Amino acid sequence: MTDTQVNERAESPASRALFIGGALLLASVVATVAFQVGFYPVSWLGYIPTILFSAALIILAFGIRGSGSVTAGRPLGTFALASLALWLVLSDVFHATVMSTLVETSPTAVVVALNYIDLVVEVALAVIAVVQIARAGVVPVPLAWVPTWVLGAVTATWLLTQLVGLTVANVSLIPMIVFALDGAVRIGGVILLGVLAIVLGDRMLRTPGASTPERSPATDLTSS
Amino acid sequence: MSFIQSIATVFRKYADFSGRASVAEFWWFFLFAYVIATVLRGIDLFALDIEPTGAGTGTLWTLAILLPSLAVSVRRLRDGGNSWTQLFWVLVPVAGLVIIILRWCDPPRDTSVADDLAERNSPSSSA
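Protein chains in written order, with the working numbering: chain A, 26 to 249; chain B, 309 to 435.
Chain B with its partners taken away, still in its complex shape (with noise of 0.2 Å):
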């Protein structure tokens, strides 16, 4: 899944919650976000006097995207074979998060979406 594809299905599956978001998917939007972020949390400081702890455009697109970073979350959780409880260690700080950035990581441990994927990635899905 390229990077445009990435953030269309996150936006498209915007508070879906069911399914599984492959590790491409969930990290190329996760590099979307923190880029679309960093630009706005500077555009709040030096072009709007905003301060960093304050309510600007970066706390605008925090909200935003905050429903469908969520649902991606654990679409990829259940698409590495983990529970969507897993969600919690992010509530433990710096361990927590380093976690949790391991469980995004896992390999799709269901047969069924590796038989898809091998099958769209096969010579005569693609003839």
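Next comes chain A alone, as it looks inside the complex (with noise of 0.2 Å):
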């Protein structure tokens, strides 16, 4: 091999869309724990960790000059996760404007059916996201399903804590352990996210021919 080989490989837009989306993904991580901790002196700050996070879910969505998408670029995938990422901010933004003064203003019922109507539009894109990312190909099994069991992890947990929260007692043991494993799992699997997308993008850079990706027959099907 030659330098030149390494070189082109080092630029390889796919393997690096990988390890962008990665880092990101990391990156947000480590805002929301700061945020969480109360670092961030101004408020508007605040939106650095959905930021962050949604850079991740459009580099992941289209890849760098179009190689890289771990949606292949199929449509429906790369809409759901581009619409995700959109939708994050957006919610966002509008917690922090609109939802302060209708928390005043509105009746409760109001409030919860926007906070709910949010939640499943978030929910939605997330589940065709993940679904169409294992169809791809991009990804190789079984990691491709990873996102997949993250989704559902977070999924389960919050469920948890939601049920927890109306049928326990708060001075009890068991809504603690619950919000924490929440909090763990959210943590946890936005990390494990990144870190895949980070050994992925490795793994492309060092396999010859691994940079392209390949559709597998039953998503070639599917998609015709």
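I should point out that these hints are in silico values taken from the structure, not numbers from a laboratory.
Predicted, not measured: the structure shown is a model, and the values here were computed from it.
Hints may contain errors.
Unchecked claim - A few chain A residues facing chain B, derived, Cβ under 10 Å:
(1) V58
(2) L111
(3) V156
(4) R160
(5) L198
(6) L230
Claimed, not checked - Across the chosen pairs, the derived CB separations fall in these ranges:
(7) A:L139 <-> B:F311: 41 to 47 Å
(8) B:L378 <-> A:V123: 43 to 49 Å
(9) A:T130 <-> B:L378: 52 to 58 Å
(10) B:F319 <-> A:A138: 23 to 29 Å
(11) B:L375 <-> A:P132: 57 to 63 Å
Heads up, the beta-carbon is just placed ideally off N, CA and C, and yes, glycines get one too.
Using the hints, build the complex out of the two chains.
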């Protein structure tokens, strides 16, 4: 292998997209933790974790220079991932501006309904995105299903927190464990996805010809 | 490099600051260390009733992996063509951590390492 070949590989847009996407996911975790411990002196800096996370989703959806998309550039998956990224940012802005006014002026039912609509849209877009990632064939099996597992785990622990909040007295140890588990799964899930993206980018860089996403026969059938 | 191989390599090179570490080796170990730390912090908090700021099994784990973590960090920086002094970015809150994460993601810069990997990946070497 020559120097030129090494440089060409280092410049591979597909692996670069995965490296940057993964790094942004990890950076969003750092920013989230800093936000939770009250590091940010100015309130608008609280948008940073969501912006970093959304930027990661955009890069993973579209890739760089059309290469490195985890959905293999398929319209449905790319649209879902990009829409989720946009929705997360808009939702944050909406909660910080309109919702804070609504909480004071509108009935509780309206606020709760808006929160649930927000949640349903987020979950629906995320489900479409993770299924499309699993079926696109860019990420090798079984790693392709990891985003689905992470989404399942995050949803399950969130549901547990809702159930525990309704049924168990707050003085009990169980709510504490469930809420800690929910936090760990949310943070751990993003870390897992970030690390997987980076490792996958490294694998593409090192395996000749792997930077070109290959579609599996099954997904080709469904997409045709 | 697989998940298990990465962890084994990091512990085998416990205090080895020379040489290089691949992206996979570093990040698989990072994930492993995070998972164990989270589990131990949970045990400390709920089973041993130790406050998150207190010294428990999580703290012991952190101390145990301090040296190999530093070693693999330095080796990863070198593999990506960076100086070990880049590690000082961790001292800058938030932004420094983001910068060092990006540095740890840098692809290998050294031709001989890439040659070695390509040779290992080639069909003739696996036959």
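So, going through the hints one by one against the coordinates:
{"no.": "1", "hint": "V58", "verdict": "holds (9 Å)"}
{"no.": "2", "hint": "L111", "verdict": "violated (22 Å)"}
{"no.": "3", "hint": "V156", "verdict": "violated (24 Å)"}
{"no.": "4", "hint": "R160", "verdict": "violated (24 Å)"}
{"no.": "5", "hint": "L198", "verdict": "holds (7 Å)"}
{"no.": "6", "hint": "L230", "verdict": "holds (5 Å)"}
{"no.": "7", "hint": "A:L139 <-> B:F311: 41 to 47 Å", "verdict": "holds (42 Å)"}
{"no.": "8", "hint": "B:L378 <-> A:V123: 43 to 49 Å", "verdict": "holds (47 Å)"}
{"no.": "9", "hint": "A:T130 <-> B:L378: 52 to 58 Å", "verdict": "holds (54 Å)"}
{"no.": "10", "hint": "B:F319 <-> A:A138: 23 to 29 Å", "verdict": "violated (53 Å)"}
{"no.": "11", "hint": "B:L375 <-> A:P132: 57 to 63 Å", "verdict": "holds (58 Å)"}
Comparing the model with each numbered hint stated earlier shows that hints 2, 3, 4 and 10 do not hold.
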